[in-house]
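With the hints as your guide, set chains B and V onto chain D.
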Amino acid sequence: MVAEMTYIMAGFDMLLVATLLWLAWRLLSTPDIFKAVVLFICFGLVMALAWVRLRAPDVALAEAAIGAGITGPLFLAALRRMERLSKEERRLDFEEDRDADHSPGKV
Amino acid sequence: MVFALVLLFAVVAGLVRILKGPTAADRMLAAQLFGTCGVAIILLLAKGLDAVVLLDVALVFALLTALATTTFVRRTWYAGPEEEGSDGEF
Amino acid sequence: MESFDVLGSGVIIMGLPFFLSGTVGLLRFPDIYTRLHALTKADNVGLGMIILGLILQAGSWAVVAKLFFIWILVLIASSASCHLVARRALQKRIQPWSRK
Numbered sequence: 001m002v003a004e005m006t007y008i009m010a011g012f013d014m015l016l017v018a019t020l021l022w023l024a025w026r027l028l029s030t031p032d033i034f035k036a037v038v039l040f041i042c043f044g045l046v047m048a049l050a051w052v053r054l055r056a057p058d059v060a061l062a063e064a065a066i067g068a069g070i071t072g073p074l075f076l077a078a079l080r081r082m083e084r085l086s087k088e089e090r091r092l093d094f095e096e097d098r099d100a101d102h103s104p105g106k107v
Numbered sequence: 001m002v003f004a005l006v007l008l009f010a011v012v013a014g015l016v017r018i019l020k021g022p023t024a025a026d027r028m029l030a031a032q033l034f035g036t037c038g039v040a041i042i043l044l045l046a047k048g049l050d051a052v053v054l055l056d057v058a059l060v061f062a063l064l065t066a067l068a069t070t071t072f073v074r075r076t077w078y079a080g081p082e083e084e085g086s087d088g089e090f
Numbered sequence: 001m002e003s004f005d006v007l008g009s010g011v012i013i014m015g016l017p018f019f020l021s022g023t024v025g026l027l028r029f030p031d032i033y034t035r036l037h038a039l040t041k042a043d044n045v046g047l048g049m050i051i052l053g054l055i056l057q058a059g060s061w062a063v064v065a066k067l068f069f070i071w072i073l074v075l076i077a078s079s080a081s082c083h084l085v086a087r088r089a090l091q092k093r094i095q096p097w098s099r100k
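Chains as they are written, first to last, in the working numbering: chain D, 1 to 107; chain B, 1 to 90; chain V, 1 to 100.
So that you can see chain D by itself, here it is in the shape it has in the complex (with noise of 0.2 Å):
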C-alpha cells in the first residue's frame, strides 16, 4: 500500500514537471501574445501546484497570487492598451508615409 502510494505520488510529480516544462515552452515559442498570456496564467497555477506538492503553502500562495493573480490580468490590461496605442501609431505612420516624399534613400 504504501509503495502504490509512493509510485502514485512519483507519477503525479513527473506529470506536474512534463506540465511546467512543456506550458515554458509553448509559452515561450508561441507568436500570439494573447495565447501567450493565458498560457502565463495557466503556467503560474501549475507552479503553485508544485509548490504546494514541495510543501511550501506560503510560497504557493504568493505564487498565485502575484504570479497568476494580478499579473495575469495585468497583462491582459497592457495586452489592450498596446493594441490600441499601435493602432494609434499605425494611423500616425500612415500621414506620415502620405505626407512624405517618397525618395529611396530614406529608410
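Each hint should be verified, as a subset may be incorrect.
In silico DSS-like pairs for lysine-lysine, Cα to Cα no more than 27 Å straight-line [to be verified]:
id, chain 1, residue 1, chain 2, residue 2
1, V, Lys-66, V, Lys-41
2, V, Lys-92, D, Lys-35
3, V, Lys-92, D, Lys-87
4, D, Lys-35, V, Lys-41
Which bits of chain B does chain V cover? Going by a derived footprint, with three or more residues having C-beta under 8 Å, they are [said to hold, decoys possible]:
id, stretch
5, 26-34
6, 42-55
7, 62-72
Hints are computed from structural coordinates only; laboratory data are not their basis. Keep in mind it's a predicted model, so treat the numbers as computed, not measured. Just so it is clear, CB atoms sit at the ideal spot from N, CA and C, and this is done for glycine as well.
Relative to the frame of chain D, chains B and V by itself:
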C-alpha cells in the same frame, strides 16, 4: 488511498485541455476550468499531505481565476462592431 | 468514523466524472455557449461533490467551515464570470450553434 489517483486524473484532464485552445474566449474558459481543477487538486492534496494550511491557497486560487476572467471580459474581449464607449478608460 | 470515510470517498469518486465530462465537453462541443454549459457543470457539481466528500472526512469543524466557504466562493465566482462571458458573447452577436 484514492485521493492521489483522483488528482492525477484531474491534472491529466487539465493537460489535455490546455493542449488545444480553439479561440480567444475558449482559451480563457480553459484557464478558468484549470483554476477550478487546481482548487480541487489542492483540496485533495491538503487531505493527502495532512496540511490544513493549503486550504488558504485554494481560496486564493478560487478568487483569482475569477479575477482573470473578469479582466478578460472587461478589457480584452470588447464588444465587436458597435464599439461601446463605456468600458474604455482606466 | 470509518463509515464516513468510505462514504466521503464514494462521493469524491462520484464527483470525478463531472470534471472529466467538463473537460471532454470543453474539447468536443462546437461553440462558446455549449462550452460554457460544460464548464459550469464541472465547476459547480464536480467541485461541490469533491468538497462534500472532503467534508464527510474532515476532522474538525474549522476545516468544515473553510471548505464550505471555498465552495460558496467558487460557486459565486464561476457563475458570475461565466455569466459575464455569455453576456459579452451575446453582445458580440456570436450566433449560438444549431444543427443545420
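Cross-check of the supplied hints:
For a cut-off of 27 Å, the pair hint linking Lys-66/V to Lys-41/V stands: about 22 Å separates their Cα positions. Proximity of Lys-92/V to Lys-35/D is assessed by CA-CA distance (about 20 Å); at most 27 Å being required, the pair is judged to hold. Restraint check for Lys-92/V and Lys-87/D: the C-alpha separation of about 21 Å stays at or below 27 Å, so the hint holds. Proximity of Lys-35/D to Lys-41/V is assessed by CA-CA distance (about 25 Å); at most 27 Å being required, the pair is judged to hold.
With 6 residues carrying a beta carbon less than 8 Å from a beta carbon of chain V, the stretch 26-34 of chain B meets the three-residue requirement, and the given coverage holds. Only when three residues or more bring their CB closer than 8 Å to a CB of chain V does the claim for the stretch 42-55 of chain B stand; here the count is 5, and the claim holds. Residue count for the stretch 62-72 of chain B with a Cβ under 8 Å from a Cβ of chain V: 6. That meets the three needed, and the coverage hint holds.
Checked against the numbered hints above, the structure breaks none of them.
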